[in-house]
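Undergrad: In case you want the letters, here they are:
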Amino acid sequence: MLRTFDLDDDDLVLIIGSGAGGGTLGNELAQKGIRTLILEAGPRIEREQHIDDERQSFAQLTWLDKRTTSGSWRIAKDYPNFPANLCKVVGGTTVHWGGCSLRVQDHELRAKDLYGDIAGTNLLNWPLTLAELEPYYDKAEDKMGVTGTHGIPLLDPDNNQIVMAAGAKKVGYKECSTGNMAINSRPRDGRPATIQDGFCFQGIRSNAKWSTLNSEIPKGEATGNLEVRPQCHVLRIEQNKFGKVTGVVYADKQGINHQQRARIVCVAGNSIETPRILLNSASSRYSEGLANSSGQVGRNYMRHMSGAVWAVFEKPVRMYRGNTMAGCIKDEGFHRQDREFVGGYYMQTVHRGLSFMAAGLANNLDLPGWGYEYTRIMEAYQCMAGMWLVGEDMPQVTNCVTLHPTEKDQFGMPIPNVHFDDHENDIAMRIHAYKRGAMVYDAVGATRIIRTPPGPSAHNLGTCRQSARPEEGVCNKWGQTHDIANLFISDGSQFTTSTAENPTLTIVALAIRQADYIADQVAKQNI
Amino acid sequence: MNPPVGVTDAVSTASQAYEYHRLQPELVEQLVSIYRTMFPHSTVPDELYEHVVRKLDDQVAQNQELSGFLSSGIEALNRQAGSAWTDLSEEARLQALKLVEQTPFFQRLRSDFVVYFYSNPAIWPRFGYEGPSNDQGGYLHRGFNDIDWIKPRGALIYATNV
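Protein chains in written order, with my numbering: chain A, 1 to 527; chain B, 1001 to 1162.
Everything labelled a hint here was simulated from the structure, so no lab data went into it.
Please note: incorrect hints may appear among the correct ones.
[Said to hold, decoys possible] Lysine to aspartate or glutamate pairs mimicking EDC-like chemistry, simulated, CA-CA at most 20 Å apart: (1) A/Lys-170 - B/Asp-1112; (2) A/Lys-77 - B/Asp-1112; (3) A/Lys-32 - A/Asp-520.
With the hints as extra help, turn the sequences into a complete structure.
TA: Written as structure tokens, this is what we have:
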């Protein structure tokens, strides 16, 4: 019997979003006996309904509501209404992720101290240390079954990784493996081992990959303390005269508005929707938006330095057979003084089916997106290998999510605009990463290298950042907003800097930690 | 990762008798021919190119403006080419297309082709792509690590698992 809560129940923790942050937080609170409601904008699509087809899956899982873009980034030209590739389903983007689960590095949390004043950036140290995070990383890795941790064996390398690893070894890289992946290498936690299905970005049909849809949410629901209410699109957060938040207004799938009361509100809508909701909740008391006395809500939007390198070989690779991203070169992941940029990046295997390979190749940096050259490469599809590049990008105060001045969505809520300019550090890192990626494949006989530019981002970070001082960010080291004690940020928005690592593991660790804090504060009747 | 250029409905897997809603036979023929020049796959039969033209026809049936957009685009292309498309050499067709490459008409044709042609499961075997795998047990026992030209194989597989 699934739990349901009344609209006027004001003793709930209400979480907006059910992805890595919201889904994890919901389960953690439910396990502690705290009555918790998750409002999810998207529908609940169980894994049996997920589709092994890139385009059909994309249509099934993706957040397709219109967004606009501005700034000098290439996305504004290539995908003007699709800046971010995120999911709109129960489970959020954990239904559509590769599974790479790397801890951040200590120095990355002290980015300002280490990197110094870099022109054009709004760098800041995190208000927490790696030592404070480590116990929560342990819990997160155990929860997610991350390979290479807790005695869990690594995944077996697939064809794509065998090629990348051979190249890595030839160029002298020391740290290349299938990596730390939240994909079972052996049966664990009621889920089977990987069958190397090749559709990690198309849902969790095989159930080997961790997602809040197959783990946190059903576990939380089993306690009787968690309700997950799908197709509830939150429009604004309500406040009382004392400056506390009291609940939210959401539109259901028919577009009918409801008011849901709550004791505590946690926002985990991802780094575009989270600031959008806060900004749309402006009131006479909070005229610039909720929790925005610093002016930093929506600012410092980060999306990771990224790009991809594809290589054509004379003989078949068949990269599509195997886990989508189970391969990682870590050697460039560190900050070094002798490179022309600060921070680090990783090279991670990636594959695409024929359909998305065609779409990617239609927008590449090295050859025309049509004609004979294009079709020759497509005909060599079987002989291709690929890697994704992911690295730290710089927070800039001008890179921001704002409310569109005129355009509204189907519920009458202003749509978000995402403004972004690449920082010169991002550009320098990308150039370096493309070169190193090409070297890896050249070393094992690539006949052609094709680079593709950053696409709509799945890593969206920083728009409600943690800060020690209230005037420099939106929330403290627990994700609690500086301005409003019963309002929390519970997703990647709270990242002070992007760090180089894929963010999901850290979002999960922060959510577990935040649940402890909320339980403690509730017990002490502080909130 | 880059998402697709657009979103499609389910793709058809079999060719069947098809009646065009709007597009006239001559236009269908020219579009297939244009596509063969834009995206030459010499061993792929016309009907798999026509799959994309049918998608265009579907869209035209839904959208009257698109009909005018297509016909004026074709007229401009033909003017550019100087004589009937069927009379042009392959080289002349390519030159004509290059001259309109930056137009919205060309870009629309291009992006629709990329979306509909390569997402049609009927063409996947020709490119060596095997498609859905979960219902066949994934690739765990179907060659996920069968690459045989990386040597020395054993040592490298070990090395990848540091």
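Undergrad: So, for every hint listed, does it hold in this structure?
TA: So, going through the hints one by one against the coordinates:
For the suggested pair A/Lys-170 and B/Asp-1112, the alpha carbons sit about 41 Å apart, so the restraint of at most 20 Å is broken. Distance hint between A/Lys-77 and B/Asp-1112 is fulfilled; the C-alpha atoms sit about 18 Å from each other, no more than 20 Å. Of the pairs offered as hints, the one joining A/Lys-32 and A/Asp-520 holds, with about 10 Å between alpha carbons and a cut-off of 20 Å not exceeded.
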